[in-house]
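Novice: What follows is the residue order along each chain.
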Amino acid sequence: MNCTECVDLAVHVLLGQEATEIAARWHEHRKSCSACGAEAARVAELLKRVRSYDAPPTRATFRTELRERLTGLGYDDLLREARPRDRVAARWAWVRHRVRTSTAVKLALAAAAVVVVSAVAWQARDERGTLPGELVGLAPAQPESPSAPIENAPATTPAPAVEPSPPPRGASRADVAFGAPDEVQDKTLAETAIDPTPPLPPDVLERLELATERLNRFATARHLLRKRLRGEADDGAGLSPAAETAMRDATRWLLDQQFEDGSFDPARFEGQPEARVGVTALAMLALQRGGVRGVPTGLLAQRVTRGMDWLRSTRDDAGTLGMVKGADAVTLFNHAAATMAFAERYVLSGRVDEALLSDAVLRLDDLNRQRQGREAQDGDVVAARFAALALEAARSAGVPTVLNLDRVVAQARAEFEGSIDTSLIASGSLPVPQFQAAVTAGAIDPYYTAAPVLRATTLPVPTVMQVLERPELREPSLLFCATIDLHARGGAGWATFEAKLLDELAQTQQRNGSFRAEYAFDAVGRAGGVLYETALGVLTLGVPVRVAK
Amino acid sequence: MTHPDAELLLRLAAGEVEVFDRIVDRFERPLVRYFHALCGDPQLAEDCAQEVFVRLFKARERYTPDAAPNTFVFRIAKNLWIDVYRSKRARPEATSIDATSDDEDEDRASNLVGSSRSPIEAIGLAEDQQRLRAALLELPEGQRAVLALAIGQSMKYERIAEILGIPVGTVKSRVHAAVANLRKLLGVDVDADPKKGPGPA
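Protein chains in written order, with this note's numbering: chain C, 1 to 549; chain G, 1001 to 1201.
Keep in mind that a hint or two might mislead.
Claimed, not checked - Covered stretches of chain C, going by a simulated chain G footprint (3 or more residues, C-beta under 8 angstroms): (1) 43-51; (2) 57-64; (3) 254-261.
Said to hold, decoys possible - SDA-like, lysine to any residue: derived pairs with alpha carbons at most 25 angstroms apart: (4) 1184/G to 46/C; (5) 1156/G to 28/C; (6) 1172/G to 22/C; (7) 1172/G to 1138/G; (8) 325/C to 273/C; (9) 1172/G to 51/C; (10) 48/C to 58/C; (11) 1058/G to 59/C; (12) 1172/G to 59/C; (13) 48/C to 1131/G; (14) 1172/G to 1142/G; (15) 1172/G to 1188/G; (16) 1172/G to 35/C; (17) 1184/G to 59/C; (18) 48/C to 474/C; (19) 48/C to 1134/G; (20) 1078/G to 325/C; (21) 1078/G to 1188/G; (22) 1156/G to 1068/G.
Hints were generated in silico from the structure; no laboratory data involved. The beta-carbon is built from N, C-alpha and C at its ideal position, and this holds for glycine as well.
Use the sequences and the hints to build the structure in full.
Specialist: Spelled out as structure tokens, the structure:
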């Protein structure tokens, strides 16, 4: 691409209108040519100004006037408060409009089949329930009965007379018959005093003890993490009313954008369709914590379930969630964000298949390694940040089937820390990539483990605050990490930063609750658009109630 | 997979009028913003947005799932703007400062054309926004329309072409020309020394 083409394409690429390949070539040229880079910055600045041009708030009487106009046109009957009967009729009309006749016939047949099968099953259950109480009395003549193994016990073991416990008041005979065998079998096993397992070798016992201790440790850590993610930990701080309102507005806006299948489409809001999995996962991270505090209930819980089901459905044969192309930055972001959402879901509700989570973690490690092995791409820094956070999320969640996860997490973090020239930290003149790496490294520990660790790469507070002061560092996921880091450190530094942060977020939050997407120079941010910015805005605002000081 | 907005429009088309409020919720700001970008007058923009909802309600049964919801709504908006624009050009004197929206006997169409910004509103606008508004109003009508949709509504060029009924190539060239004109009008230095631009740390 030459300079003329680059200048011609600038406005179209910055508006997200060009194909990914052309945009990639354009960015490549822009980075390598200072004149084109400056020109692109000027065009971006102009587009930002035009985007900020907005109408003043709509007058309060807008709705009333509109209703009056419609009433004046004779639509008052239609717009009156709908009666329940009308509502049912309208629903029926909608169903008729939407559902084809063939589909309706299929549904009716399926419903009829369900009714027939249920009736047959009920009949069978009724017949079994009215049988004499063989199951209750452990009749030895019933080989298919669960009591059969007891009958085969050595003759020296006297079978104790086991009296079935009296049925609870109001319980039917059938209930007792089906509920009794397990209890009776347990009692009988205990009383026969036969140890069915041979003694285990000492080394196996030792390994079992270690595994048990590990599981216990995970269980305790998971319990604490669950409380923190719900915003219910004792060490969580409060939120200012302004922050709570901003968070609620943004959460509500996110909810409004969810599709029926559970996904979110970034292309509707200045993003690109490739990041659909990633932004859906970020929205899930924001929604599955139940807004400001607690866990989702009711409609919100249904939406979260739907979103998580959709994320699961995007898995391809290799186990990648949201594959775009090879191990490119947006693919890694998609997969990492989805893994993070699964890990948090696993902690919060346990409703995630462990095998699915384990596969996602292993694939994430794989994709992350592929990224390290290939040539650097635009968006890699942000994608690697999500990968590191997701791996730590899985480790803290205690995914028991990935045994070398500690090592995997350590490797991911070492990539960040190893790239930093610590001699430059004190001078505050770290190059941008090293600054980003240091801020990311500072956030990983406190976010999931509540263990702020002072490392050689820990930046001074004023240096971290530059994320709000320097436009080239204004990236939502970096801001999220800086917020975690500074909140964990607490003190006057956090107080100053929090005030500035709220001010900054208030400026970018729009009246509908979303946050403006102003970060246009990174592939991940560009693909994520307003949904990416808004979901991360919610997560950033929630840091004080979810991260321990 | 049905788009949430399409779902609302389909329900309205099927006679479920309760969803109309939700449709107003969804499209009120985008429409006001669109008309504001076209005319620079908040009052007129709101009146136009109301008129779009009235037309949308009248035409509710014509919506089919084949059309994207944005396209359906903004086509109505575009057609309305053509009417308003023609009317404005035909009767420039109609922009009387005496015309107020409170006048109940006034013909609605001439009210749309006749409303104008008050001095208080003009003072209230930030200086930058005023300059931007002046520059946008200087642009040719066609360029302003594509800019309002491409930047103001973040729409894809294909969608804009569908709404305005013009080829995608024309949309592209109008956006390009609009940005170039805006730079001149706003005095953005097109010949600035690239070395002075923002660079890495």
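Novice: Next step is simple, just say for each hint if it's right about the structure.
Specialist: Hint-by-hint comparison with the structure:
Restraint check on the segment 43-51 of chain C versus chain G: 7 residues with Cβ-Cβ distances below 8 angstroms, three needed, restraint holds. Residues of the segment 57-64 of chain C lying with their CB closer than 8 angstroms to a CB of chain G number 4, which satisfies the three-residue condition for coverage. Judged by the Cβ-Cβ criterion of 8 angstroms, the segment 254-261 of chain C is covered by chain G as claimed, because 6 of its residues qualify and three suffice. The suggested pairing of residue 1184/G with residue 46/C holds, with an alpha-carbon distance near 11 angstroms, which does not exceed 25 angstroms.
Distance check on the hinted pair: residue 1156/G and residue 28/C sit about 23 angstroms apart at the alpha-carbon level, within 25 angstroms; holds. In summary, the hint linking residue 1172/G to residue 22/C is supported, as the alpha carbons are separated by about 15 angstroms, within the 25 angstroms threshold. For the given pair, residue 1172/G sits about 19 angstroms from residue 1138/G by alpha-carbon distance, which is consistent with the 25 angstroms threshold. With a C-alpha separation of about 13 angstroms, the suggested pair residue 325/C and residue 273/C falls inside the 25 angstroms cut-off, and the hint holds.
For the suggested pair residue 1172/G and residue 51/C, the alpha carbons sit about 18 angstroms apart, so the restraint of at most 25 angstroms is met. Annotation: proposed proximity of residue 48/C to residue 58/C holds, straight-line Cα distance about 22 angstroms (limit 25 angstroms). Restraint check: the Cα-Cα separation between residue 1058/G and residue 59/C comes to about 24 angstroms, which is no more than 25 angstroms; the hinted pair holds. At roughly 35 angstroms between alpha-carbon atoms, residue 1172/G and residue 59/C are farther apart than 25 angstroms, so this suggested pair is violated.
Our distance criterion of 25 angstroms between C-alpha atoms is met by residue 48/C and residue 1131/G, whose separation comes to about 14 angstroms. Using a Cα cut-off of 25 angstroms, the hinted pair residue 1172/G and residue 1142/G holds, with the two alpha carbons roughly 12 angstroms apart. A C-alpha spacing of about 21 angstroms is found between residue 1172/G and residue 1188/G, which places the hinted pair at or below 25 angstroms, so the restraint holds. Taking the CA atoms of residue 1172/G and residue 35/C, the gap is near 23 angstroms; set against the 25 angstroms cutoff, the hint holds.
About 34 angstroms separates the Cα atoms of residue 1184/G and residue 59/C, which puts this hinted pair outside 25 angstroms; it is violated. In summary, the hint linking residue 48/C to residue 474/C is supported, as the alpha carbons are separated by about 14 angstroms, within the 25 angstroms threshold. A distance of roughly 17 angstroms separates the Cα atoms of residue 48/C and residue 1134/G; the hinted pair therefore holds under the 25 angstroms criterion. Only pairs whose Cα atoms come within 25 angstroms are accepted, and residue 1078/G paired with residue 325/C is rejected, the gap being roughly 38 angstroms.
Between the alpha carbons of residue 1078/G and residue 1188/G the distance comes to roughly 30 angstroms, so the proposed pair goes past 25 angstroms and is violated. Pair hint residue 1156/G plus residue 1068/G holds up; C-alpha atoms about 12 angstroms apart against a cutoff of 25 angstroms.
The earlier numbered hints that this structure contradicts are 12, 17, 20 and 21.
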